[in-house]
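If you want the building blocks of each chain, they are given just below.
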Amino acid sequence: MSTTDNSTPLVKPALSRKDFVSNQEPRWCPGCGDYSILAQVQKVMPDFGIPREKIVFVSGIGCSSRFPYYMNTYGFHTIHGRAPTIATGIKVSRPDLTVWMATGDGDSLAIGGNHLIHILRRNVGIKIILFNNRIYGLTKGQYSPTSELGKKTKSTPGGSLDHPFSTLSVVIGAEGTFVARSIDTELQHLQAMLKRAGDHKGTALLEVYQNCPVFNDDAFVYITEKTNKADRVLYLEHGKPLVFGKDKNKGIRIGKNFTPEVVEVGEGPGQVPLSEIAVHDETVENPSYAFMLSRMEWPEFPVPIGVLRNVIRPAYEELVAAQKERMVATRGQGNVDKLLRSGETWVIEPEN
Amino acid sequence: MEQQTTQPSSPPPIQVVESVVIRFCGDSGDGMQLTGTEFTRASALALNDLATLPDFPAEIRAPAGTLFGVSGYQINFGSQDIYTPGDQPDVLVAMNPAAFKVNLPDLVPGGILIVNTGAFTAKNLELAGYPHNPLDEESLGQRYRLVKIDISKLTALALEDSGLGTKDAGRCKNFWALGLMFWMYQRETERELRSIQEKFAKKPELADANIRAFKAGYSYGENTEMFGQTFHVRPAKIAPGLYRNVTGNSATALGVVCAGQLANLPVFFGGYPITPASDILHELSNYLNYNVTTFQAEDEIAGVGSAIGASYSGSLGVTATSGPGISLKQEAIGLAVMLELPLVIINVQRGGPSTGLPTKTEQADLLQALYGRHGECPVPVLAAMTPSDCFHTVIEAARIATKYMTPVFMLSDGYLANGSEPWRVPEMSSLPKFPAAFRTDPDGYMVYGRDPETLARAWVRPGTPGLEHRIGGIEKHQQTGNISYDADNHHQMVKTRAAKVAGIAREAGELITCGPPEGDLLVVGWGSTYGAITQAVHTMQKEGRKVSSVHLRWLNPLNPRLGPYLKGFKRILVPEMNNGQLVRILRSEFLVDAEGLNKIQGKPFKVSELCHAIAERAPKVQN
Ligand code: SF4
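Those protein sequence lines, which keep their order, are chains A and B.
Just so you know, we're using our numbering here: the first sequence kicks off at 16 and counts up by one.
Just so you know, we're using our numbering here: the second sequence kicks off at 570 and counts up by one.
Any given hint could turn out to be false.
What the hints assert, rightly or not - Pair ranges (Cβ atoms, derived):
| id | chain 1 | residue 1 | chain 2 | residue 2 | range |
| --- | --- | --- | --- | --- | --- |
| 1 | B | Pro1086 | A | Arg346 | 48 to 56 Å |
| 2 | B | Gly734 | A | Ala344 | 38 to 46 Å |
| 3 | A | Ala125 | B | Ser923 | 21 to 29 Å |
It is worth saying that the hints were derived from the structure and are not from the lab.
Even for Gly, the Cβ is constructed at its ideal location relative to N, Cα and C.
Input sequences plus hints: build the corresponding full structure.
In structure tokens:
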């Protein structure tokens, strides 16, 4: 089991999944992918060994942002798009707390896009779970910034005209230090990714492909359906070659200009030896490799799942605390009476 | 210049005056701010009461010699209480043609006009847009007491063998002018010489040069006997104590630091750069060793959002902004109302709407502070009256915020923010503490359970075992805090939030009044108009008019004593630097025929304007 930077020694008996279940009944639609994500989060929470009271779940607005109500920790359901700002205030003022954030594609990539890029740039120690269902659920089915081009929805009866974001391209472009992806139906994988995100210092962003059976059913069926999955999903493992396919016979070779290509792996004619297949290294400082992965989309490519990027950069709250300490060290703990009397002063003596 | 008595005495005769307004003006590179602050200190040490107003160019780096590059510093000092930096200068010291052009229209007729003729070169005249030298006009000397001095040359002469280059020597001319003014108002020079030495300690040759220039200016006055007289402003009655000058923004920043200490809370300040509030962020960023954290956010929303996050976590969350920044923050302020978390929102009002007049003052955000959020969303609103009052106002805002678990608006404005006045510095030990109380007892905890008196809910810091709970912007059950869409519950919660804020009226204290509680006219003001209104009301009272004033520190809730007080007067006049905002509130709250007096020029009221309006409404009474 891994521990996080904020772990405090346990005094009480270890917690179990049930300890993280609140008394509130989830109100998502039946079959919603959010249930699975909630269950996996509750499942992995005890593994961090952090007492419940030290954990805060923050969210914005949207279906997924109901998340904090269902966690038996501290929880803060904020306003649309602004969760990163409030989470930042919490983490910077209280680095001892473990702060998770639940958000959706509309919440964090449309109305809250500005805050998302800046929390990533600063590398504030927040663990962000971005539920991407490629649709607006709570407002009943409009296209979102991750909806595919031409999507027909209530607000786009003629098909959407907006080019979509690749969430993780945005995240890498915004200097994200931990960038990962999982799928609501991939329970083991999702748990593993949550644990990795939870262990990261700085901002961890985990995108979870989440099915919205009501307004965007089967949005991810092209990669979740059993028969095709192996051919369409690329599981990333640090230090392992980028191979996929039922028979593990396909791989990614990186060509000129960081252009990936799908090749058949093998020693035979027309095949490419394993030695030429890219080996996954999530720790490369240069973001180009991770960015390349974030651009890979079916049908041209298999969809990468796992940790795309994991680099170390000081967490913002640590820098803030260190700067404060330096000021205290050089100037001493502030004396307010002295401060008020600083600068040019003069004394008016009492008249005798 | 208000003349009082003339005391003939052998040379030079001294004329005693009650108060004087001097404006130093020149190019932004001429050191006028320094000249002004030095003269201010000397006046303070001479025990004069005073108020000052610096006037910086709006352009960041205006070209030298141009009209945009003019910088000024006005000081009003006197032997009586001084409430404003003065309507119009009695004495204008103009260091170049551009400053002359911009400032001359403000000089009182017959006022003393001192010009540095040395700067009236062909090039400078052209930069100021003068086809001819305006000093050649004969009428100038008839309209003002014109004193033409080639300060540039005289300074250069004084520094001839100082070893300084002409450029550096030229920079000393502000001290020459300062020396002259020291002679005119018979200021103590010893301390000034020391101060120059201290200021330029790292460059002794400059200290020496400035001292020489200063002494040369002083001797010039003495030897030439410019006016054949000097002026004396008698000491005012000033409470003993330690004083400093303070601007509104500086007082606000200091107040925030003190509020944190008095509340025994770390301070978290989240803000975004905006004129004229940025100085609060700058100043606080220097006070990190006072248990202060500052965060320059990516936008105004993030500024307030981070402050809310910090408040939720047990800090004193503070944000400051101006103009458009307030509009942007309103949604988040609504969240803080819903969550019932403490938050101090400082609004340094500026001219609007939209980008408006960023560097000019206005009081047009009152209604926005009161009503600018969606839904029924009451927030307490306090307004500062003078630059130093910003200190006490922001502390009061923090006290209310933490005691009642509510966001609180503190209204300042551009005039207070940049204006300064001497401030008798309080001892921390004299300021009442209000240590914040956090709930730690899980027994019987209800997230929206309330204190029966204040109606405040308990403040629980995350990290407290057994008190894990969820809150958010959705309407919540009036006890458990769980999401509730119940109709009666919502009705009840809206009423309760309103009652909580209304109940803060018990904190309002005595009304701030000037004059008897009845008469022909009551002037009702709020915010930075305090100085001008008070001065005008004093003046009009002396003329025998039955006028009083009341100044509102509390805009929401209103002071409960206000309603009865209004009844003592035949007429009510409400001067505001907006199109009529408080006046609407008074009319609707109290059903009185209050009348607005509105000035929306980005400039404060002149005392004379207010006197005029008062005179029109309150006749002189013969006694
Ligand atoms: S609308 Fe879609 S995303 Fe929202 S709760 Fe229902 S199924 Fe889930």
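Verification of the supplied hints:
Distance hint check for Pro1086(B) and Arg346(A): the Cβ-Cβ separation is about 50 Å, which falls inside the suggested range of 48 to 56 Å. Look at Gly734(B) against Ala344(A): about 42 Å separates their beta carbons, and that is inside 38 to 46 Å. Our hint of 21 to 29 Å for Ala125(A) and Ser923(B) holds, since their Cβ atoms are close to 25 Å apart.
Every hint, counting from the list given before, is met by this structure.
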